[in-house]
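Chains as they are written, first to last, in this note's numbering: chain P, 1 to 707; chain G, 1001 to 1158.
Incorrect hints may have been included.
[Stated by the list, open to error] In silico EDC-like links for lysine to aspartate or glutamate, alpha-carbon gap of 20 Å or less: (1) P/545 <-> P/444; (2) P/429 <-> P/585; (3) P/574 <-> P/657; (4) P/647 <-> P/585; (5) P/208 <-> G/1031; (6) P/581 <-> G/1131; (7) P/647 <-> G/1131; (8) P/208 <-> G/1077; (9) P/405 <-> G/1131; (10) G/1081 <-> P/650; (11) P/647 <-> G/1125; (12) P/574 <-> G/1124; (13) P/647 <-> G/1124; (14) P/195 <-> G/1094; (15) G/1082 <-> P/201.
Derived from the structure by calculation, the hints contain no laboratory data.
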Amino acid sequence: MTQIVEPNRRDLFKIAGGGVVIFFGLKPLAEAVAQDWPRYPSDFHAYLAIGADGRVTVFSGKIEMGQGVLTSQAQMAAEELGVPLSSVDMVLGDTARCPWDMGTFGSLTTRMFGPHLRTAAAMARGVLLELAATRLDAPVNRLRAKDGVIAVIGAPGRMVSYAALSRQARIARGLDKAPPLHTPSEFTVMGRSAKRLDGVEKVTGAAKYAADIRLPGMLYARILRPPQHDATLKRVDTAAAEKLAGIVVVHKKDLIAVLHADPEVASVALSRIVTEWDQPASTLDQDTIFAHIEAAAKDVQVLQSKGDVTRTRAARAFDVTFHKGYVAHAPIEPHAALAEVKGGHATIWASTQTPFPTRDEIARALNFKPEAVRVITPYVGGGFGGKSRSIQAIEAARLAQVTGKPVQVEWTRADEFYNDTFDPAAVVKIRSGLTDANRIAYWDYEVFAAGGRAAEIFYDIPNLRVRSAGGMSYEGAAARKGLHPFGVGPWRAPGANMNIFAVESQIDTLAAAAHADPMAFRMAHLSDPRMRRVLRSCADAFGWKPAAGPSGRGVGMALSSDAGSYVATMAEVKVDKQSGKVHVERITCAIDMGVVVNPEGARMQTEGCLTMGLGYTFAEELRFKGGRILDSNFDTYHLPRFSSLPKMIETVLVKNDALAPQGCGEPAITTTGAVIANAVFDACGARLTRLPMTPERVRAALLAQGT
Amino acid sequence: MSHAIRFNLNGNPVSLPAGNNRTLLWALRTDTGVTGPKYGCGEGLCGACTVLVDGKPVRSCSFPLNDVVGKNVTTIEGLAKKGVLHPLQQAFIDHGAFQCGYCTSGMLLTAYALLQENPHPSRDDIVTGLDHNLCRCGAHQRIVAAVQTAARQAGGRP
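Could you put the whole structure together from the sequences, leaning on the hints where they help?
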């Protein structure tokens, strides 16, 4: 049952500033919402406003963290409304002005929120057409809306602009039935590459991020962090810190902070706090964690099951275990927030992927009603899942409440590494076998601690079992308890990076054992026409020439199905056998994401995915000892950099206009580990089963196979 | 302690309290309203805080405020002249050479200084010149292309 409660329209006028206010979330939209995402509330309305000057303001609870949804959402609204893209202004992630939203993650903005936004804009167009019909004294079916003007078809001069209609009166109305959305053949704004709307601001320094907001009298906070996650504070002495002029010390149970009008003085004060901690010892580190995870990961779920995998019917068995360490989100912008608490209200500018859940969390921390808390999300300097949790916003709000002053919390890089919710270390065990005819006979797959995303097999295998133990590790305390020595959470395509690494590496191993070309072997086990087409498109662009591996050429491929999109990636590498260093020469990625809203934006996301993916592929692995994080900055934790990247990352957008827009921010990254592992194998015959593939591990793999 | 540090910021004279061991990044961000230089790592490892001091790129997070006395400091806010984007800025927009934008001011100023030194850089020169600026979004190949375009357009004039 979907219950619809309309907002107080007077309030909306106040917020939107008059003109025609279009409500959506009326019946047609609510039905779509209920169908798509039951958690999406139907008791409030996303909306857009058309100003008396004809400019359109779109309000969306999504946030812009680099992925380009500022622009793509504007394109979707402009398309369905029938206005030029240049006349659209966006308001994102402001809980007082935007419709509720769960958060910006999961490649959901376009595929999940997009249809609702488009429907709303189409409804707005419908309302405007009805208004114009009265004004122009012509039936709606004789009217055409284009570029913000409604004209009577075949009667030049009989026209009225959206701006004129919105000046007419303050009108608020909905439609019972949503007009049909534009089809790709009708598109004039969607489906075409649009320059990013945040371009000028971002190249001139005008773009504001959470730590760039200033309020009179604000204090900058530095927060005391334990030396390790399971440490207990035995003694703390803040006397030396308090001697600094102008310093404010806050000591509230779990929150010890020093604040000052100059952030550097606050840092000095922090360094003067004397502490003693109880620090339990632990044997867990980046090498011993895997055995622990295998033992501790409970709650086994069967994700896929077919035939019988318990008996080995195959001529040859191939059983392999894969490993991957913890990976940091490491956005260049650390978590930051500015909070002001006064008059029973709190306003927080936050670097967050989840403005609404963060608002609710802040409200609980301050003992306020959610309505008394407003979270505003300026530009976010990278998130990748890591800003789904925004503890810094709660810290800032609590400190503002205690001190009565506006407080900025900007995590130091060490804070960021300490508080990060890492991509969990994970293990995958695969038992698989080939028949005499070189068909995959069975596939018994178990993933520990990464979760089941992209673990399910899209190949045709008669006997199949896919299981996931320990869940996605951030799903519920039960799965989390005792599994990891510190916080873990969603990291761009959570779990899928590990699963595709394991699956596609193993498929390659089976292809090599069958003395088959990796592409031919995959095709022989693929009946999904969409996947076959994506693979073929990638091969054409890359110039794939069939050969069984290892061919010595250093080429590899990997396939993935994630967030509704299909991906095929191919890469060429060179391996220096002495040093174990791998250099990627080029990467080609073909992706079918259904209708593409902004082709250039889609290419940027895909390139970004593959570039970021090379980080977890080659170098990124958190070092730790129990709850103590040993990496605290970029001197020991290495992100991809210009010299480590291929000269070319090519993206092929495989046209599929019959399918609604699918996810784009994550799918390509899932293929990176496997495509490189397979190219390395093809280059030198060494099979890498642990991410990241550091030079030492490549050397070790070469030694192990006697090269 | 209370004396003033005077320098030119984007062409305008400014005077900031010296303080104790203040660094340029925090002095700019706290006292001048200039927020283009970003905090990313605090140890000169990521380049998000890059500004130009007398035309040379420095990591402002590790650069003493005392050392800019009498000098010209340029931040990203000072790159466009009279509202006209510098060719590098335009090239970044045209190539989509950024995503989240947080590293962008550091990238642009590092590239600007690179082109001042070497108006006809090879691809390898650009890669080497920008190698200590980190971008997490993966805009690297577009950044390289944008710098190449700006260099071409300037015809060797920085």
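Results for each hint:
no. : hint             : verdict
1   : P/545 <-> P/444  : 31 Å, violated
2   : P/429 <-> P/585  : 30 Å, violated
3   : P/574 <-> P/657  : 37 Å, violated
4   : P/647 <-> P/585  : 6 Å, holds
5   : P/208 <-> G/1031 : 16 Å, holds
6   : P/581 <-> G/1131 : 18 Å, holds
7   : P/647 <-> G/1131 : 14 Å, holds
8   : P/208 <-> G/1077 : 12 Å, holds
9   : P/405 <-> G/1131 : 41 Å, violated
10  : G/1081 <-> P/650 : 35 Å, violated
11  : P/647 <-> G/1125 : 13 Å, holds
12  : P/574 <-> G/1124 : 18 Å, holds
13  : P/647 <-> G/1124 : 10 Å, holds
14  : P/195 <-> G/1094 : 8 Å, holds
15  : G/1082 <-> P/201 : 15 Å, holds
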